[in-house]
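S.K.: Note that the protein sequences, when read in sequence, are chains A, B, C and D.
Per the working numbering, the very first residue in the first sequence carries number 4; after that it's consecutive.
Per the working numbering, the very first residue in the second sequence carries number 4; after that it's consecutive.
Per the working numbering, the very first residue in the third sequence carries number 4; after that it's consecutive.
Per the working numbering, the very first residue in the fourth sequence carries number 4; after that it's consecutive.
If you are wondering where the hints come from, they were derived from the structure by calculation, not from laboratory data.
When chains are identical, the list treats them as one kind, so a pair holds in a single copy or across two.
In silico SDA-like cross-links for lysine to any residue, where the CA-CA straight-line distance does not exceed 25 Å:
hint, residue 1, residue 2
1, LYS227, ARG35
2, LYS361, GLU38
3, LYS284, ASP232
4, LYS227, HIS34
5, LYS361, LEU33
6, LYS138, SER324
7, LYS284, PRO91
8, LYS346, GLU331
9, LYS223, SER354
10, LYS138, GLY345
11, LYS284, TYR55
12, LYS346, ALA332
13, LYS227, LEU33
14, LYS8, LEU33
4 protein chains.
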Amino acid sequence: MAIRKIALNTGGGDAPGLNAVIRSAVHSALHRGWECVGIRDGYNGILEPDEYPHNGIIPLTHQSVRGITHLGGTILGTTNRGNPLNFPVRQSDGTYLEINRVDELLTRFHDEGIDALVAIGGDGSLKIANAFVEKGFPVVGVPKTIDNDIFGTEVTFGFDSAVSFATECIDRLHSTAESHHRVIVVEVMGRYAGWIALHAGVAGTADAILIPEIPYSIDKIAAKVIERDERGRHFSIIVVAEGAKPVDGETSIIGKSIGQAERLGGAGERIVHQIEALTGKESRLVVLGHLLRGGAPTTFDRLLSLRFGAAAVRSLADGMSGVMVGLEASQIHCVPFNEVAGKMRGVPTNSDIILTAKDLGITFGD
Amino acid sequence: MAIRKIALNTGGGDAPGLNAVIRSAVHSALHRGWECVGIRDGYNGILEPDEYPHNGIIPLTHQSVRGITHLGGTILGTTNRGNPLNFPVRQSDGTYLEINRVDELLTRFHDEGIDALVAIGGDGSLKIANAFVEKGFPVVGVPKTIDNDIFGTEVTFGFDSAVSFATECIDRLHSTAESHHRVIVVEVMGRYAGWIALHAGVAGTADAILIPEIPYSIDKIAAKVIERDERGRHFSIIVVAEGAKPVDGETSIIGKSIGQAERLGGAGERIVHQIEALTGKESRLVVLGHLLRGGAPTTFDRLLSLRFGAAAVRSLADGMSGVMVGLEASQIHCVPFNEVAGKMRGVPTNSDIILTAKDLGITFGD
Amino acid sequence: MAIRKIALNTGGGDAPGLNAVIRSAVHSALHRGWECVGIRDGYNGILEPDEYPHNGIIPLTHQSVRGITHLGGTILGTTNRGNPLNFPVRQSDGTYLEINRVDELLTRFHDEGIDALVAIGGDGSLKIANAFVEKGFPVVGVPKTIDNDIFGTEVTFGFDSAVSFATECIDRLHSTAESHHRVIVVEVMGRYAGWIALHAGVAGTADAILIPEIPYSIDKIAAKVIERDERGRHFSIIVVAEGAKPVDGETSIIGKSIGQAERLGGAGERIVHQIEALTGKESRLVVLGHLLRGGAPTTFDRLLSLRFGAAAVRSLADGMSGVMVGLEASQIHCVPFNEVAGKMRGVPTNSDIILTAKDLGITFGD
Amino acid sequence: MAIRKIALNTGGGDAPGLNAVIRSAVHSALHRGWECVGIRDGYNGILEPDEYPHNGIIPLTHQSVRGITHLGGTILGTTNRGNPLNFPVRQSDGTYLEINRVDELLTRFHDEGIDALVAIGGDGSLKIANAFVEKGFPVVGVPKTIDNDIFGTEVTFGFDSAVSFATECIDRLHSTAESHHRVIVVEVMGRYAGWIALHAGVAGTADAILIPEIPYSIDKIAAKVIERDERGRHFSIIVVAEGAKPVDGETSIIGKSIGQAERLGGAGERIVHQIEALTGKESRLVVLGHLLRGGAPTTFDRLLSLRFGAAAVRSLADGMSGVMVGLEASQIHCVPFNEVAGKMRGVPTNSDIILTAKDLGITFGD
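Build the full structure now, drawing on both the sequences and the hints.
M.R.: This is the structure:
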């Protein structure tokens with residue numbers, strides 16, 4: 004079936020580059036003579052159409068995407084009220100029942116004349132997209148995660164932006180740490196994978212980097228701080244992924260639900276107290292989480308986003324569906340959803356970046 | 004007496020531009036045929052000379068200050084072990100006695116052939132400098148505070164850098180707050196004066212700004228958040244100076260000792276809990292403190308630092324002493340220490356920036 | 004007469020901060036219950052209404068100015084087809100007659116119900132604005148010039164942005180010049196005043212700075228390059244304002260018409276050839292002109308723009324007219340047009356920045 | 004033979020990241036218990052030892068590389084007086100004879116106890132390195148080119164920095180071009196390959212991109228400018244690699260010697276005149292060349308540089324020689340010199356980035 008009209012949506016959290024993906028997909032669709040529309044706030048524009056102008060689906064033209072390449076956020080919004088696979092509906096007795104609203108979405112697509120979807124999102128978004136594909140509706144996915152841990156692509160947009168800003172923050176903390184003779188623990192995103200901590204920690208010349216892939220011994224971290232102190236370097240910078248876990252495994256947010264994890268907090272707080280106790284040095288925590296998601300994309304991320312958006316539309320035009328675009332050996336490729344779903348791409352512990360870090364004198368606490 | 008050799012030192016916390024002040028003062032001194040040396044770590048290089056190479060006083064040449072204009076931190080170090088006006092000395096019974104070590108410092112100056120001092124620091128540093136002046140030793144001061152609250156100068160170096168970075172952080176938090184429908188409370192430095200919060204809050208288009216100069220009603224802040232929510236703006240950014248205080252005055256770090264204030268924490272934590280309770284909206288705290296002190300100076304701060312460093316040496320050459328250089332109506336001027344000491348320059352509540360903020364729809368909670 | 008509706012326009016070239024002025028003026032007007040509209044492309048929206056939607060005057064609402072504070076350019080456009088004081092009209096014989104179209108503009112203002120104007124522009128724009136004032140129509144001006152040479156304000160928005168970017172460029176050229184043993188001549192804007200060259204040259208640690216206010220001897224500049232070479236510094240950076248002039252006065256764009264000046268070119272080209280001839284060192288010209296006008300405003304310029312926009316509306320609300328807002332001693336003030344018109348604010352040759360530059364070893368060729 | 008001491012040198016032009024390579028290689032060598040030294044100015048420190056302290060070879064310690072990761076330039080210098088393979092020596096009759104000085108270099112290495120070399124440079128540097136390898140002296144190469152056209156690695160350090168700055172410049176030129184209704188031609192580096200023009204042109208949303216790999220028809224470029232003008236977009240940005248060539252092939256710097264190429268100039272100047280003639284629109288040239296080589300590396304380039312430096316030392320430790328480190332599929336690998344030498348990696352004309360560009364409405368003039 005020839006495509007005449009496609010829809011785009013963005014799901015999950017914010018990532019620098021979302022608007023560039025949108026702009027590129029819109030231009031690529033219009034360039035083929037297709038119409039293009041956007042669904043507001045994940046699938047919420049369809050699930051709760053009364054809350055939106057145009058019933059939650061807005062036309063996307065050259066004019067609507069002008070000048071947005073370098074803007075953070077997303078012009079479509081990302082916040083879902085609920086997942087359409089198990090959408091919570093309040094019952095008369097006050098309890099909630101979860102219902103599957105996929106057919107409703109497909110009906111609306113049909114009513115609007117939408118022939119295919121470009122779904123921009125993380126693991127959860129791809130699962131929803133797969134439900135459409137299983138019912139015969141064409142979808143191509145664009146991977147989105149700041150954490151860079153999606154399987155099937157070497158790198159995701161937003162990651163370079165997050166690493167760059169985290170590195171700038173580490174740079175800034177160096178002079179403060181040095182002038183106040185302090186230990187500063189910098190917590191960055193990375194619940195399951197330590198990519199941001201590793202890249203920013205090496206680029207920013209941290210003294211220790213703690214990531215989920217390498218369980219750490221707090222004693223080895225403290226020993227590093229003390230060893231530096233003894234040779235006149237009276238400060239240390241420790242970069243910690245929020246999901247870093249100690250060797251004894253006793254405390255970690257890995258495997259916890261998001262709710263549990265939020266209550267538990269990132270790994271940074273525990274570490275700052277332990278280091279202060281073990282070394283006697285004043286220690287401070289700086290949490291960068293919210294700062295890393297927002298902001299303008301770096302040039303690298305702008306370009307990657309533009310490539311992903313155009314590749315998604317090209318793939319649809321080529322008759323593909325049920326695939327996610329990704330980067331492999333610096334080239335665009337397509338990966339079937341079922342090869343991606345439920346997998347996670349962690350830092351290989353024999354990565355040359357880890358070898359580089361160790362040669363630079365950085366400890367992982369292993 | 005003709006000057007042949009001067010010393011420089013930097014005291015108190017870090018501020019972007021310190022190295023530019025040093026470079027400019029060194030060039031200006033050498034240009035007059037003077038020698039120039041630097042005292043390490045405030046006055047610690049003299050008070051504890053055994054811990055340093057060259058007994059804590061290093062020669063400063065063109066070579067030693069090459070390429071440092073844009074670097075954060077200070078090549079001289081800032082950390083004092085103790086204030087020479089009341090230096091803590093451990094007694095045999097384990098208690099501490101505070102002694103005045105000003106004469107020791109002057110003796111060392113004399114022994115080293117140092118004829119005058121350029122003291123770069125905050126209020127505390129100027130008090131020490133004044134003790135030298137009272138004993139007849141020539142000193143010119145260069146004001147240093149990130150908070151911009153020193154009396155006698157319109158602006159201090161490092162302030163523009165801090166405001167710029169805080170504004171960039173607020174920019175970044177906008178898209179995260181918006182995509183997650185959250186309230187984000189951004190705490191910035193400003194124990195007694197709200198300059199950073201005011202400038203960054205207006206430039207970054209915050210929704211509320213809380214500063215020590217204008218006691219806030221938490222109810223009015225919450226009302227603002229709710230009013231925005233009701234007209235479809237489901238997020239708010241509240242910028243808070245650490246010393247912001249509520250109208251009832253019950254909790255504030257103002258007037259507390261630094262130790263008490265650190266235990267009490269900045270104003271942000273309390274506010275984030277109150278806002279969450281009053282509005283029912285998810286609220287998060289981002290503390291920028293440590294990030295604002297470090298880093299490279301902005302171009303504005305580079306130039307201001309170079310001007311201050313050169314002006315301090317020019318003033319010494321003109322026979323001045325006991326004065327601080329400052330900026331008034333964009334021109335360099337000199338202010339006697341005794342007109343500056345113990346005073347604080349807060350934000351005037353009729354400032355046009357506050358009027359501008361109000362016209363932009365920003366509330367101060369008043 | 005109570006104001007119910009105002010118009011804004013932007014004239015002349017681009018300057019970072021124009022959109023922030025617009026946003027602030029719009030909010031300030033709406034906040035007072037006024038309506039607000041914008042005239043497209045200077046006065047062109049009125050002079051050639053057929054070429055524009057809405058006949059060249061667009062409504063300005065909160066929505067139209069959302070998210071523009073940090074964007075370069077102006078949402079209103081700046082390009083005039085012609086000056087309304089002497090607008091060129093083609094005659095049947097092919098010649099052009101210049102006619103005064105001020106009354107036409109006032110008639111349109113009247114027809115649209117516009118009660119007052121905020122005119123954002125340079126010297127030329129203020130002259131046009133004054134023609135309205137003389138006919139009894141209220142206008143407040145906002146000064147706009149990258150060159151920072153408008154009389155009546157210590158600083159104009161866009162200047163800090165231009166200086167910051169020029170300084171970054173000079174930083175970048177240092178390592179290239181050094182690694183290739185070259186002389187690099189950097190030409191910046193400044194037809195009549197050397198503010199950008201002076202500030203960026205000092206902040207970027209140039210070796211020579213040539214500005215219109217201090218006629219230069221090319222031999223002295225060459226001597227500086229040779230002197231550096233002889234002590235092992237095999238490169239030099241010379242920052243040149245486009246209007247810099249030699250002591251013999253033979254070649255300069257000062258006093259030339261814009262057309263003549265463009266043909267003559269900036270001062271940089273001539274200097275690069277002379278330096279190469281006099282020193283035998285490879286020399287290169289880098290012209291920054293077009294790069295300095297565009298781009299996002301710095302935080303300093305954002306805030307200044309917001310202050311100017313709000314102050315202009317406040318002044319209208321206070322019943323003022325025929326005045327320009329400006330900054331004096333860091334405070335907003337108002338200056339009558341006739342105290343500003345036709346005057347130019349050059350760099351005072353006894354400025355402390357020039358003294359600082361000389362202490363840093365920078366030559367002005369004097 | 005066990006390595007006990009290695010030398011590093013940097014050759015050819017400047018590239019952001021050189022200092023990070025040096026720092027990483029030094030740490031990696033010291034970490035293995037090796038000594039480490041640096042040769043000044045390519046091989047000049049050895050070829051003309053009298054001109055340098057330490058006879059042109061300086062010890063490299065932790066202290067000598069502290070804080071240089073983010074600095075542009077190279078602490079070793081890059082300028083060769085001459086290529087040691089054919090070094091020009093002035094004869095008594097005033098003519099120059101070219102001699103091979105490789106043996107001299109090896110003798111000095113032997114005398115200094117240097118067991119191996121890390122040679123950081125471009126194609127020319129690798130040829131010299133190969134001459135050492137052929138005589139049995141161990142060398143590992145680190146590729147260096149801003150243009151990103153070295154065969155055997157997906158990307159070189161400095162490229163991301165150059166693309167990022169070029170993109171920022173294009174961003175800035177947009178608002179100037181738009182407000183003045185101009186065509187702006189931006190010339191970037193790329194004598195043989197169009198990588199910088201392509202990446203920056205797409206990321207910066209240029210209207211046309213001209214690269215050596217795709218000969219352009221000037222008429223098609225002019226048609227694009229006119230087509231935009233007719234639909235109300237009265238400005239255009241054309242990004243040109245210096246080596247771009249027209250379809251008729253009549254003028255191009257490709258294949259010319261560097262001297263000839265410099266006389267011919269980059270492709271930009273010719274294009275700006277042709278566009279002005281063909282479209283009647285005011286057109287301006289902005290040449291970014293010198294600005295792209297200098298400056299601090301981006302975070303991406305910092306990390307890549309650190310990886311390359313460490314990988315080079317690891318390779319030596321593993322007994323490798325005659326190889327260049329590179330990146331393939333985001334992993335470090337080693338490529339023999341003879342597979343790299345004399346080859347050039349251009350932009351594949353079926354690259355997905357080119358397809359993306361075309362979908363975005365960007366023309367290549369083909």
